[in-house]
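Turn these sequences into a full structure, and let the hints steer you where they fit.
Going by full-length UniProt numbering, the letters in the sequence shown line up with residues 1 to 208, in that order.
These are computed hints drawn from the structure, not numbers from a lab.
Honestly, I wouldn't trust all of these hints.
Claimed, not checked - Pairs of lysine-lysine, PhoX-like flavour, derived with a Cα cap of 25 angstroms:
1. K121 x K12
2. K118 x K87
3. K163 x K121
4. K97 x K12
5. K150 x K118
6. K121 x K8
7. K118 x K155
8. K87 x K97
9. K118 x K8
10. K97 x K118
11. K150 x K84
12. K84 x K121
The structure displayed is predicted, hence computed values, not measured ones.
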Amino acid sequence: MIRIDISKTLAKPLGAHIRPATSTTAEFSWRAELAVIGTERCVVAQEIFTGYVLVLCNLSADDFTSFPALFSDRLFREALALCKQAKLYEKQELTRKLAKIVAPQQVQLDPEPIEDGKILKVIESLERRYLLEGQDLPSSGRQAFEFGLKFNNRKSSSDKPMKLNPAQRMANLCLNLIAELPDDSPVMPEILGEEANIVRVDFGRNRK
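Here it is, written out as structure tokens:
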């Protein structure tokens, strides 16, 4: 299950999706914040266990209405890009199994404000890109994935005790969850090494 703890600011456009907090174990646990940059609304989320960040920008009212599906779709596409490099599954099988682990979702209010950490650094980078450098925000799935890799392909000060960067840790988390599926192949995932290159996914449909 995916649990997304959202800030009070983000709770305003996502109010219809908020459910009471539960004690159910979540395979993916995210914190998410809303950033208004110029006139555009972005959501920056960080997965707690891996440190992986996911960015969605130029969000419309309809995007917030369908946010759980939008978030799952983006996570699916980025996880597919990260997991393909392990070459443990054919693309069709990997696609089918990833879809199973990113579907169930619980949106709830974050009890703690986001006052520091990587989420705020990503927001600052988006603001600098748009307001100071005059560049467009990463609106398509491919653009947002590439933007996120600047943070996910490197270790922050909090990541240094760990051997792998956030992108590698996210890939390993997904592969381990796939390996636990009842109908899974007996082949077990190997830990992705420090030198593994991130394979870009073909986002194709230019989704947010």
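Hint check results:
1. K121 x K12: Distance ~22 angstroms between K121 and K12 Cα, so the pair holds.
2. K118 x K87: 30 angstroms, violated
3. K163 x K121: With Cα atoms ~22 angstroms apart, K163 and K121 stay inside 25 angstroms; holds.
4. K97 x K12: Cα-Cα ~33 angstroms, so violated.
5. K150 x K118: With a Cα-Cα distance of about 12 angstroms, the restraint between K150 and K118 holds, given a limit of 25 angstroms.
6. K121 x K8: With Cα atoms ~19 angstroms apart, K121 and K8 stay inside 25 angstroms; holds.
7. K118 x K155: At roughly 11 angstroms apart (the allowed maximum being 25 angstroms), K155 and K118 satisfy the hint.
8. K87 x K97: 14 angstroms, holds
9. K118 x K8: 18 angstroms, holds
10. K97 x K118: 29 angstroms, violated
11. K150 x K84: 19 angstroms, holds
12. K84 x K121: Since the Cα atoms of K84 and K121 sit roughly 28 angstroms apart, the hinted pair is violated (cutoff 25 angstroms).
Of the hints listed earlier, those the structure fails to meet are numbers 2, 4, 10, 12, in rising order.
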